[in-house]
Amino acid sequence: MNKIVNQRAWFFVLPVVLLVAFNALIPLMTVVNYSVQESFGDNVFFWAGERWFQEILTSERFHASLFRQILFTGIILLIEVPLGLAIAITMPRKGPWVSVCLVLMALPLLIPWNVVGAMWNIMALPDIGLLGKSLRSLGFEYNYTRQPLAAWFTIILMDVWHWTSLVTLLCYAGLVSIPDAYYQAAKIDGARPWAVFRYIQLPKLKYVLTIAILLRFMDSFMIYTEVVVLTGGGPGNSTTFLSIDLVKTALGQFDLGPAAAMSLVYFLIILLLSWLFYTLMMRNEAR
Amino acid sequence: MAKILASDLAHSYALDPQTDQNWALKPLTLECADGGAYALLGPSGCGKTTLLNLISGLLKPSRGRIVFDGRDVTDASPEERNIAQVFQFPVIYDTMTVYDNLAFPLRNRAVPASDIDRRVREVAHMLELDGMLNRRASGLTADSKQKISLGRGLVRSDVNVIMFDEPLTVIDPHLKWVLRSKLKELHQRIRRTMIYVTHDQTEALTFADKVVVMKDGEVVQIGTPIELFEKPSHTFVGHFIGSPGMNILPCSIEGGKAVVAGTAIETANGSAYRDQGKRLELGVRPEFVSFGNGGIPVEVVKVLDIGRYRIVEARHSNIVVKMLVPEDAPIPQRAHVHFDPGHTRIYEDGWVVP
Numbered sequence: 001m002n003k004i005v006n007q008r009a010w011f012f013v014l015p016v017v018l019l020v021a022f023n024a025l026i027p028l029m030t031v032v033n034y035s036v037q038e039s040f041g042d043n044v045f046f047w048a049g050e051r052w053f054q055e056i057l058t059s060e061r062f063h064a065s066l067f068r069q070i071l072f073t074g075i076i077l078l079i080e081v082p083l084g085l086a087i088a089i090t091m092p093r094k095g096p097w098v099s100v101c102l103v104l105m106a107l108p109l110l111i112p113w114n115v116v117g118a119m120w121n122i123m124a125l126p127d128i129g130l131l132g133k134s135l136r137s138l139g140f141e142y143n144y145t146r147q148p149l150a151a152w153f154t155i156i157l158m159d160v161w162h163w164t165s166l167v168t169l170l171c172y173a174g175l176v177s178i179p180d181a182y183y184q185a186a187k188i189d190g191a192r193p194w195a196v197f198r199y200i201q202l203p204k205l206k207y208v209l210t211i212a213i214l215l216r217f218m219d220s221f222m223i224y225t226e227v228v229v230l231t232g233g234g235p236g237n238s239t240t241f242l243s244i245d246l247v248k249t250a251l252g253q254f255d256l257g258p259a260a261a262m263s264l265v266y267f268l269i270i271l272l273l274s275w276l277f278y279t280l281m282m283r284n285e286a287r
Numbered sequence: 001m002a003k004i005l006a007s008d009l010a011h012s013y014a015l016d017p018q019t020d021q022n023w024a025l026k027p028l029t030l031e032c033a034d035g036g037a038y039a040l041l042g043p044s045g046c047g048k049t050t051l052l053n054l055i056s057g058l059l060k061p062s063r064g065r066i067v068f069d070g071r072d073v074t075d076a077s078p079e080e081r082n083i084a085q086v087f088q089f090p091v092i093y094d095t096m097t098v099y100d101n102l103a104f105p106l107r108n109r110a111v112p113a114s115d116i117d118r119r120v121r122e123v124a125h126m127l128e129l130d131g132m133l134n135r136r137a138s139g140l141t142a143d144s145k146q147k148i149s150l151g152r153g154l155v156r157s158d159v160n161v162i163m164f165d166e167p168l169t170v171i172d173p174h175l176k177w178v179l180r181s182k183l184k185e186l187h188q189r190i191r192r193t194m195i196y197v198t199h200d201q202t203e204a205l206t207f208a209d210k211v212v213v214m215k216d217g218e219v220v221q222i223g224t225p226i227e228l229f230e231k232p233s234h235t236f237v238g239h240f241i242g243s244p245g246m247n248i249l250p251c252s253i254e255g256g257k258a259v260v261a262g263t264a265i266e267t268a269n270g271s272a273y274r275d276q277g278k279r280l281e282l283g284v285r286p287e288f289v290s291f292g293n294g295g296i297p298v299e300v301v302k303v304l305d306i307g308r309y310r311i312v313e314a315r316h317s318n319i320v321v322k323m324l325v326p327e328d329a330p331i332p333q334r335a336h337v338h339f340d341p342g343h344t345r346i347y348e349d350g351w352v353v354p
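Just so you know, the sequences run in chain order B and R. Quick note on numbering: the first sequence equals residues 1 to 287 in my numbering. Quick note on numbering: the second sequence equals residues 1 to 354 in my numbering.
Among these hints, one or two may not hold up.
[Claimed, not checked] With a straight-line cut-off of 27 angstroms between C-alpha atoms, the simulated DSS-like cross-links for lysine-lysine are:
id: 1; chain 1: B; residue 1: LYS204; chain 2: B; residue 2: LYS94
id: 2; chain 1: R; residue 1: LYS215; chain 2: R; residue 2: LYS278
id: 3; chain 1: R; residue 1: LYS210; chain 2: R; residue 2: LYS26
id: 4; chain 1: R; residue 1: LYS3; chain 2: R; residue 2: LYS182
id: 5; chain 1: B; residue 1: LYS187; chain 2: R; residue 2: LYS278
id: 6; chain 1: B; residue 1: LYS94; chain 2: R; residue 2: LYS210
id: 7; chain 1: B; residue 1: LYS187; chain 2: R; residue 2: LYS3
These are computed hints drawn from the structure, not numbers from a lab.
Could you build the full structure based on these sequences and the hints that come with them?
Put into C-alpha cells, the structure is as follows:
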C-alpha cells in the first residue's frame with residue numbers, strides 16, 4: 001500500500017508543540033543555559049562548562065540535603081502507604097457513612113500547603129500549641145525550634161496528616177471496583193481474611209498502589225512550602241531538604257550557576273527513581 | 001453429595017417487603033435429588049440467581065428453610081455448607097499459578113500436602129488443564145479461567161453441590177459448545193448434584209436432567225426437557241422454550257372442543273375444562289401444526305428457511321400461526337392448518353387446564 005505523504009499534518013501538531021515548548025522545554029533550556037555559565041550582574045556571562053555540576057556532585061552540603069531528602073521520603077512512604085491502605089480497607093463500602101468518610105478523608109487535601117504549614121506551626125508551638133503543650137505536659141522535652149528530632153517528628157506527623165488521605169482515597173477507589181464475586185468465591189473457598197487481602201485485594205490494588213506510591217514519592221521528594229513555613233529548614237540545617245537547599249542557593253546566595261546545575265541533578269534524580277520504581281512494579285506485566 | 005431441599009423459601013432485598021413486587025423470590029418448595037443435574041431457567045430478573053445464592057449461603061433467606069441431606073443449613077455459612085460455585089465472570093486468584101489456584105480451597109482447609117497434590121492433578125487432568133499447571137493464572141483465556149473456577153470446586157472430594165451462575169456468558173460461542181459437553185460429561189462421571197442457572201434454553205435443556213423454569217420470582221414448571229417441550233404447564237414455558245415458541249391463540253370452548261376462528265379443534269385437555277369464566281387460550285407448538293384438509297383456513301404470509309426446516313407464518317384475519325414444514329414439502333398459498341390433538345392444550349389464565 002502506498003503511504004500518503006501530507007505535510008499539512010504538521011499544522012495539527014503545531015499547537016501541542018508550542019504548548020510543550022513554552023511550558024517545559026524553553027524554561028528547562030534556560031536552566032541548562034545557566035548551569036554551564038557563570039553569571040555576573042549586567043548580563044555578563046562566562047563559560048563554566050561542567051564546573052557547577054562537579055561542584056554540586058562533590059559538595060557535602062548537597063549530599064547532606066539529598067540524604068535528608070531520601071530519609072524523609074522513605075519514612076513517609078513507609079508510614080503513609082500501609083496506613084492509607086489500612087484505612088481504605090476499614091472504610092465502609094455501603095450506606096450513609098460512605099460519604100461522611102470520603103469527605104472527612106478529603107478535607108486535608110483541600111487545605112493550601114502554606115496553610116498546613118502555618119497550622120502545624122501554631123499547633124506545635126511549645127508554649128501555647130495544642131500538640132506542643134500536650135507533649136510537654138506529658139513530660140516530653142519537646143521543642144521543634146530547637147531539637148532536630150522534634151522538628152523531624154513534627155514534619156513527618158504533618159505530612160502523614162496531610163497526605164495519607166490521598167493514598168486512602170486511591171486505594172478505596174480500587175477496592176470498590178473489585179467485583180463481589182471475588183469475595184463470594186473466597187468465602188466459598190474458605191479463605192481467611194488475611195488470604196482475602198493477600199490474594200484478592202492486594203493484587204487488584206497493584207495499579208492504584210503503584211500510582212499512589214509514585215505520586216507520594218514525587219511530591220514528598222519535592223516538598224517545600226510546608227517545611228519552610230513550619231521550620232524554615234532548621235533548627236540549623238536539620239530539615240533542609242533538597243528544594244529548600246535549592247532555593248537558598250538560588251535566591252539566598254544568588255548563585256545561579258550552581259543552583260541551575262543542582263536543579264538539573266535534582267530533576268534527573270526524581271526522573272530516574274520514578275522510572276526505576278515504575279519498571280520494577282510493572283516488570284511482570286510485560287510477559 | 002447431598003439431596004437439597006428448599007422448603008417454603010422466599011427472599012426479598014427490601015427490609016420491609018409490602019407488595020408482591022418487593023419479593024425477588026416468592027415462596028417456593030424445591031427438592032433436588034442427590035447427584036442430579038438441575039437447571040434454573042428464566043429471563044433476567046426472574047429470581048434464579050437469588051435462589052442460587054440462597055442455596056449457596058451467600059444470601060440469608062427472608063423466609064423458609066434450606067436442608068442438605070436432612071441437616072438444616074439455613075444459618076450456615078457458604079464454607080460450612082461445603083458447596084462450590086462458578087460465577088458469571090471467571091474468578092481466579094491472579095497472582096497464583098493454576099496449580100495454586102486449584103490447591104487454594106484445600107490449603108485453606110489444612111489438607112495434607114500429598115492429598116492436595118493428588119487431588120489437584122486429578123482435577124487438572126479431568127478438566128484438561130494438565131499442561132498449564134505452572135503457568136500464572138492471570139494470562140489465560142476466559143474458558144481456561146472458567147475451568148479453573150470449576151476446578152476449585154471439584155478438588156474438594158466431599159463437596160455437596162456445585163452451582164453455576166451463567167458460567168458461559170463470557171465464553172466465545174465456538175467454545176461454549178465444547179465446555180457445555182465437557183460439563184455434561186463431567187456430571188456423568190462424578191455424579192455430584194449440580195445446579196445450573198441460565199437464561200439460555202439450549203444450555204439448560206442440554207445440561208439438565210430437570211429444568212426449573214422461573215418467571216417473576218416464581219417457579220412455573222419443573223420437568224425434564226421433554227416434559228417442558230411436550231407438556232408445558234404454562235403459556236410462558238411454551239413460549240420461552242422452543243424455537244420458535246408455542247403458538248398461543250385466544251379461544252373459547254364449546255362442548256369440550258376449543259373454538260378458534262370459528263373452527264372447532266380437538267385438544268388433549270378440552271374435556272377436562274370446567275367453566276370458570278377466565279381468559280382462555282389454546283397452545284400448540286409449531287412442530288405439531290401441519291397443513292391439512294380440515295382446520296383453520298389460513299393464508300401463508302412469511303416463510304423462513306432455517307436449514308432442515310422452514311418456519312411458515314400463516315394468518316387467519318388477526319390470528320397468526322407458526323408452523324414447521326420439512327425442507328422439501330410444498331407450501332401452498334392458501335390452506336387449512338391442522339393441530340395435533342395430543343399436543344394441543346387449553347390454558348386458563350396462562351396455566352394449563354389439568
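So which hints don't hold here, by number, going up?
Hints 5 and 6 contradicted; others consistent.
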